[in-house]
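Work out the full structure: start from the sequences and follow the hints.
Number of protein chains: 2
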Amino acid sequence: MTFLKSLLPILGWAPTYSRTDAQSDLVAAVIVTIMLVPQSLAYAMLAGLPPQVGLYASILPLIAYAVFGTSRALAVGPVAVVSLMTAAAAGQVAAPASAEYLTAAITLAFLSGLVLVAMSVLRLGFLANFLSHPVISGFITASGILIAASQLKHILGIRAEGDTLPQLVTGLVEGIGGFNPYTLVIGIAATAFLFWTRKNLKPLLIARGLRPRLADLIAKAGPVAAILVSILAVVGFGLAERGVKIVGDIPAGLPPFALPSFDLGLWQQLLLPAVLISLVGFVESVSVAQTLAAKRRQRIVPNQELTALGASNIASALSGGYPVTGGFARSVVNFDAGAETPLAGAFTAVGILAATVFLTPLFRFLPQAVLAATIIVAVLSLVDIAAIRRTWAYSKADFAAMAVTILTVLLVGVEAGITAGVLLSLVLFLWRTSRPHMAIVGLVPGTEHFRNVERHKVVTDPSILTIRVDESLYFANARALEDAIYDRIADQPALKHVVLMCPAVNLIDASALESLEAIAHRLSSAGVGFHLSEVKGPVMDALKRSDFLQHFKGRIFLSQYEAFTTLGGPAR
Amino acid sequence: MTFLKSLLPILGWAPTYSRTDAQSDLVAAVIVTIMLVPQSLAYAMLAGLPPQVGLYASILPLIAYAVFGTSRALAVGPVAVVSLMTAAAAGQVAAPASAEYLTAAITLAFLSGLVLVAMSVLRLGFLANFLSHPVISGFITASGILIAASQLKHILGIRAEGDTLPQLVTGLVEGIGGFNPYTLVIGIAATAFLFWTRKNLKPLLIARGLRPRLADLIAKAGPVAAILVSILAVVGFGLAERGVKIVGDIPAGLPPFALPSFDLGLWQQLLLPAVLISLVGFVESVSVAQTLAAKRRQRIVPNQELTALGASNIASALSGGYPVTGGFARSVVNFDAGAETPLAGAFTAVGILAATVFLTPLFRFLPQAVLAATIIVAVLSLVDIAAIRRTWAYSKADFAAMAVTILTVLLVGVEAGITAGVLLSLVLFLWRTSRPHMAIVGLVPGTEHFRNVERHKVVTDPSILTIRVDESLYFANARALEDAIYDRIADQPALKHVVLMCPAVNLIDASALESLEAIAHRLSSAGVGFHLSEVKGPVMDALKRSDFLQHFKGRIFLSQYEAFTTLGGPAR
Numbered sequence: 343m344t345f346l347k348s349l350l351p352i353l354g355w356a357p358t359y360s361r362t363d364a365q366s367d368l369v370a371a372v373i374v375t376i377m378l379v380p381q382s383l384a385y386a387m388l389a390g391l392p393p394q395v396g397l398y399a400s401i402l403p404l405i406a407y408a409v410f411g412t413s414r415a416l417a418v419g420p421v422a423v424v425s426l427m428t429a430a431a432a433g434q435v436a437a438p439a440s441a442e443y444l445t446a447a448i449t450l451a452f453l454s455g456l457v458l459v460a461m462s463v464l465r466l467g468f469l470a471n472f473l474s475h476p477v478i479s480g481f482i483t484a485s486g487i488l489i490a491a492s493q494l495k496h497i498l499g500i501r502a503e504g505d506t507l508p509q510l511v512t513g514l515v516e517g518i519g520g521f522n523p524y525t526l527v528i529g530i531a532a533t534a535f536l537f538w539t540r541k542n543l544k545p546l547l548i549a550r551g552l553r554p555r556l557a558d559l560i561a562k563a564g565p566v567a568a569i570l571v572s573i574l575a576v577v578g579f580g581l582a583e584r585g586v587k588i589v590g591d592i593p594a595g596l597p598p599f600a601l602p603s604f605d606l607g608l609w610q611q612l613l614l615p616a617v618l619i620s621l622v623g624f625v626e627s628v629s630v631a632q633t634l635a636a637k638r639r640q641r642i643v644p645n646q647e648l649t650a651l652g653a654s655n656i657a658s659a660l661s662g663g664y665p666v667t668g669g670f671a672r673s674v675v676n677f678d679a680g681a682e683t684p685l686a687g688a689f690t691a692v693g694i695l696a697a698t699v700f701l702t703p704l705f706r707f708l709p710q711a712v713l714a715a716t717i718i719v720a721v722l723s724l725v726d727i728a729a730i731r732r733t734w735a736y737s738k739a740d741f742a743a744m745a746v747t748i749l750t751v752l753l754v755g756v757e758a759g760i761t762a763g764v765l766l767s768l769v770l771f772l773w774r775t776s777r778p779h780m781a782i783v784g785l786v787p788g789t790e791h792f793r794n795v796e797r798h799k800v801v802t803d804p805s806i807l808t809i810r811v812d813e814s815l816y817f818a819n820a821r822a823l824e825d826a827i828y829d830r831i832a833d834q835p836a837l838k839h840v841v842l843m844c845p846a847v848n849l850i851d852a853s854a855l856e857s858l859e860a861i862a863h864r865l866s867s868a869g870v871g872f873h874l875s876e877v878k879g880p881v882m883d884a885l886k887r888s889d890f891l892q893h894f895k896g897r898i899f900l901s902q903y904e905a906f907t908t909l910g911g912p913a914r
Numbered sequence: 343m344t345f346l347k348s349l350l351p352i353l354g355w356a357p358t359y360s361r362t363d364a365q366s367d368l369v370a371a372v373i374v375t376i377m378l379v380p381q382s383l384a385y386a387m388l389a390g391l392p393p394q395v396g397l398y399a400s401i402l403p404l405i406a407y408a409v410f411g412t413s414r415a416l417a418v419g420p421v422a423v424v425s426l427m428t429a430a431a432a433g434q435v436a437a438p439a440s441a442e443y444l445t446a447a448i449t450l451a452f453l454s455g456l457v458l459v460a461m462s463v464l465r466l467g468f469l470a471n472f473l474s475h476p477v478i479s480g481f482i483t484a485s486g487i488l489i490a491a492s493q494l495k496h497i498l499g500i501r502a503e504g505d506t507l508p509q510l511v512t513g514l515v516e517g518i519g520g521f522n523p524y525t526l527v528i529g530i531a532a533t534a535f536l537f538w539t540r541k542n543l544k545p546l547l548i549a550r551g552l553r554p555r556l557a558d559l560i561a562k563a564g565p566v567a568a569i570l571v572s573i574l575a576v577v578g579f580g581l582a583e584r585g586v587k588i589v590g591d592i593p594a595g596l597p598p599f600a601l602p603s604f605d606l607g608l609w610q611q612l613l614l615p616a617v618l619i620s621l622v623g624f625v626e627s628v629s630v631a632q633t634l635a636a637k638r639r640q641r642i643v644p645n646q647e648l649t650a651l652g653a654s655n656i657a658s659a660l661s662g663g664y665p666v667t668g669g670f671a672r673s674v675v676n677f678d679a680g681a682e683t684p685l686a687g688a689f690t691a692v693g694i695l696a697a698t699v700f701l702t703p704l705f706r707f708l709p710q711a712v713l714a715a716t717i718i719v720a721v722l723s724l725v726d727i728a729a730i731r732r733t734w735a736y737s738k739a740d741f742a743a744m745a746v747t748i749l750t751v752l753l754v755g756v757e758a759g760i761t762a763g764v765l766l767s768l769v770l771f772l773w774r775t776s777r778p779h780m781a782i783v784g785l786v787p788g789t790e791h792f793r794n795v796e797r798h799k800v801v802t803d804p805s806i807l808t809i810r811v812d813e814s815l816y817f818a819n820a821r822a823l824e825d826a827i828y829d830r831i832a833d834q835p836a837l838k839h840v841v842l843m844c845p846a847v848n849l850i851d852a853s854a855l856e857s858l859e860a861i862a863h864r865l866s867s868a869g870v871g872f873h874l875s876e877v878k879g880p881v882m883d884a885l886k887r888s889d890f891l892q893h894f895k896g897r898i899f900l901s902q903y904e905a906f907t908t909l910g911g912p913a914r
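First to last, the sequence lines map onto chains A and B.
Everything in the first sequence is counted per the working numbering, starting at 343 for the first residue and increasing by one.
Everything in the second sequence is counted per the working numbering, starting at 343 for the first residue and increasing by one.
Rather than coming from a laboratory, the hints here were simulated on the basis of the structure.
Just so you know, nobody snuck in bad clues.
Same chains, same label: a pair holds when it works inside one copy or across any pair of copies.
Derived lysine to any residue pairs resembling SDA-like cross-links, with alpha carbons at most 20 Å apart:
1. 347 x 409
2. 886 x 732
3. 587 x 501
4. 637 x 859
5. 541 x 554
6. 799 x 900
7. 838 x 913
8. 637 x 824
9. 587 x 519
10. 637 x 856
11. 738 x 890
12. 738 x 773
If you're wondering where the values come from, they're calculated on a predicted model, not measured in any experiment.
Here's what the structure looks like:
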């Protein structure tokens with residue numbers, strides 16, 4: 343039962359589900375549904391897919407997450423960054439708007455689901471930890487810029503293609519002469535209105551006496567108002583006949599039962615994008631879920647989240663949808679609207695299903711420019727310039743990884759960007775550990791504590807040299823250790839003992855062990871004693887498994903103070 | 343002048359070169375020449391090249407090293423592992439024994455020279471540090487097995503091709519029926535004789551009253567005796583007519599002036615092999631040079647060695663040779679024979695030049711089986727089973743890297759093997775650092791030193807929890823840190839303070855900084871104080887550059903003892 347409960351978290355909350363829970367969940371579901379319908383259409387457009395695909399991706403996946411997910415408030419569905427990644431991946435194997443393109447998107451969702459489930463089964467969730475915060479932050483910022491740029495053509499009412507920022511800009515510059523004035527007016531008005539509702543409507547409503555929570559929800563419904571007004575304008579003034587592009591016919595009805603392609607060649611082409619979509623989606627989703635769970639002192643189980651997101655993506659594929667993940671904006675709305683259990687997500691699914699069946703004719707005259715405006719306003723909030731500045735100030739290495747991610751996303755593409763960022767951050771970490779910081783230390787007066795002679799006023803003894811090496815000793819820095827010790831013992835005729843202080847040595851690998859043997863040998867032939875201090879338990883265990891200690895003529899001291907005083911240094 | 347001296351180390355020793363130095367160098371050169379001539383022919387055969395190419399590779403490169411090298415005893419030339427790598431790389435782009443194959447080998451030497459010089463200019467010598475000892479040791483052991491297996495066909499006098507161990511074994515099994523009895527007798531006799539001289543001749547000569555050094559040198563001349571006797575046997579008994587394969591005509595004369603191919607397509611194909619040959623050659627050469635330099639308290643300059651090896655390889659290419667590096671066996675002979683300066687290498691070059699011009703007709707009737715025997719005996723001494731056992735006992739991670747290197751070399755090839763080994767050892771290091779060891783620590787009685795409560799008898803205080811994290815905090819382990827702290831503070835109602843003891847934290851990157859902020863926030867809302875102790879200088883400098891300290895409500899203690907006593911723990 344415990345196993346089943348951990349596999350199906352629904353069994354944890356369903357038995358105690360109450361009428362109050364149901365009320366809260368229903369209210370949240372209505373609000374999220376209203377927000378999700380236009381967003382789903384917009385993100386499907388961003389992914390280069392027919393609008394109804396966005397709706398399909400917002401139904402079954404929510405049910406699947408409600409069954410398997412551990413977060414009480416996470417709302418899954420299409421999100422901006424994953425939609426962009428889907429467009430990039432599907433665009434590499436099929437022409438936009440073709441049947442093969444749709445098949446590629448569905449197959450991507452299926453593969454992504456398989457990858458997530460496999461990661462769960464193999465407990466590979468830790469792989470997401472290798473996406474550092476600066477890389478993720480840079481990736482999302484750059485994706486936001488790229489997405490916003492890709493939507494400008496809809497605001498202008500022109501045709502312009504491109505996958506990278508230079509291509510997009512070139513396309514816009516070349517095509518700008520053919521802009522449609524009606525589209526442009528609608529696009530600019532919608533964008534301005536949406537920015538205004540997002541920034542100013544809530545304070546205004548509060549000033550007018552509304553309760554903050556209600557004001558917030560009304561402000562978040564801004565897109566709905568923009569959509570209704572623009573549909574009325576298109577119908578009333580016959581703008582479609584004047585060149586304003588509209589969404590057009592959306593087939594009404596239940597999501598279809600769909601099957602992904604089982605063409606192995608296609609799978610091979612889509613596997614790497616699917617892995618990247620899975621990782622990015624997982625990181626985004628888990629971050630959101632953990633933030634919300636912490637507010638209510640709940641916990642989410644990352645490995646179970648992999649299963650839940652995997653199931654959601656497989657459900658999306660089987661109902662004609664495309665890759666989904668837990669979205670930030672909708673989850674926060676769901677949480678703020680009072681969702682108590684994942685059943686809120688299931689209710690939302692029912693709401694979107696109803697919209698898919700009954701409301702699609704309404705959206706026929708919706709201008710694409712308004713959808714583009716909702717996307718632009720949503721993604722520009724993802725652009726985090728302050729994070730770039732903060733990272734620059736804190737660490738140049740982190741900044742380098744972030745900058746390379748941003749530039750590669752903008753100039754080459756999303757997949758290349760995240761790959762370059764991850765590889766560079768790993769290489770930089772390895773590079774840093776390969777040139778460890780080393781300090782000569784002395785006794786802080788009045789204590790038994792030893793610190794860097796260059797930073798603190800400490801007591802030393804000319805016959806004892808204590809070097810603290812601030813890194814695990816492994817193959818990449820073993821030679822650096824040898825060189826550093828030989829350099830530091832040169833020209834010290836009074837030297838009788840060298841102590842290697844090891845509180846920061848968490849590992850001594852076979853290469854470093856050989857270096858330690860070489861150092862011991864060399865110091866011994868120079869008549870200088872070589873000792874270790876503060877060697878940690880796990881490292882000591884490893885040394886005992888080798889024959890190092892049999893040959894080692896020096897001593898291994900529990901504490902550096904013991905080493906210092908035993909070897910003749912002044913006591914405190 | 344200092345700059346010139348560091349670029350041309352010859353300027354350091356040439357001005358003080360004495361008559362005694364010259365005598366020592368001349369004696370060493372004669373001995374090394376005698377050893378090198380048959381070895382050069384053998385390694386050229388191993389590389390799939392005409393025998394004279396081995397001689398060409400042993401002339402100009404030695405002069406180049408004498409000018410640029412910093413080791414006084416290193417002898418450069420063809421070596422077994424690099425010959426095997428040359429065969430693998432050239433075999434991928436051209437048919438064996440074709441003119442294109444020779445061009446590929448020459449181009450490989452040229453490219454390898456360029457790579458080495460570029461590494462020197464860009465100060466990339468540290469890259470060699472990423473080849474861990476277990477990976478190098480496994481690579482050399484596996485290469486030795488592969489080389490020995492590849493030579494068995496010459497001992498049997500059959501044709502059998504193959505690049506991997508299974509292919510070689512299959513080829514031998516299929517072809518064994520056609521073995522040549524004369525060849526087999528010569529091959530087995532030569533192998534047995536060479537093993538005997540290597541193991542038993544020196545002790546025997548010493549027992550007969552010879553001085554150890556002389557005995558050693560006579561024993562090392564074993565191959566020369568085997569070669570002379572086998573040539574006499576072939577000529578005397580007309581064995582060449584009975585199917586014993588001989589070396590055949592070797593063109594006498596000066597090395598030709600050669601140019602590498604400048605076909606960019608070929609360069610592209612050979613670049614990765616050239617990089618791997620450069621790295622492996624550099625590591626082998628520097629290890630030998632450092633070992634020998636340490637014995638005479640001299641120092642070698644790794645970066646200058648890159649220049650010297652680069653110049654040697656370019657010299658090899660321009661004189662019709664193939665990739666060279668500093669060899670272990672010949673350098674030790676050079677050192678033992680008393681070489682005082684790199685001029686010994688230049689004298690050796692003159693000796694080999696003389697052999698190339700005058701002695702090549704002598705080797706016409708040399709059986710290939712004897713060359714194969716010298717190779718087998720030389721490379722089997724590279725196989726180090728004890729190192730495998732030692733590594734297994736010491737560290738399973740190091741062993742895994744070694745085992746994967748060995749298996750991949752044997753089953754796939756040399757280049758794949760070294761690449762797999764390097765990547766796996768890096769991945770394993772990252773994996774280890776991503777799951778850091780953490781310990782709850784307490785005060786060792788009578789000291790100010792804190793150790794793991796599970797390993798030592800220590801004093802703790804129920805209101806203070808001190809966690810020592812044994813790793814730099816970076817993106818790959820930031821979440822692990824959060825989880826570990828949350829897990830450890832659960833169910834501790836008496837807890838008032840958590841101290842993170844940081845002596846092993848050499849780096850806090852931007853991701854980990856966010857985790858620390860999250861931990862501080864969470865503990866603060868649970869009414870628990872959060873403090874740091876023993877934060878190192880460079881880490882503290884970085885924290886000061888962020889706004890972490892402005893929000894941080896806890897204290898940062900210089901020593902853990904200060905933290906413990908200040909927060910109310912019992913003093914020593």
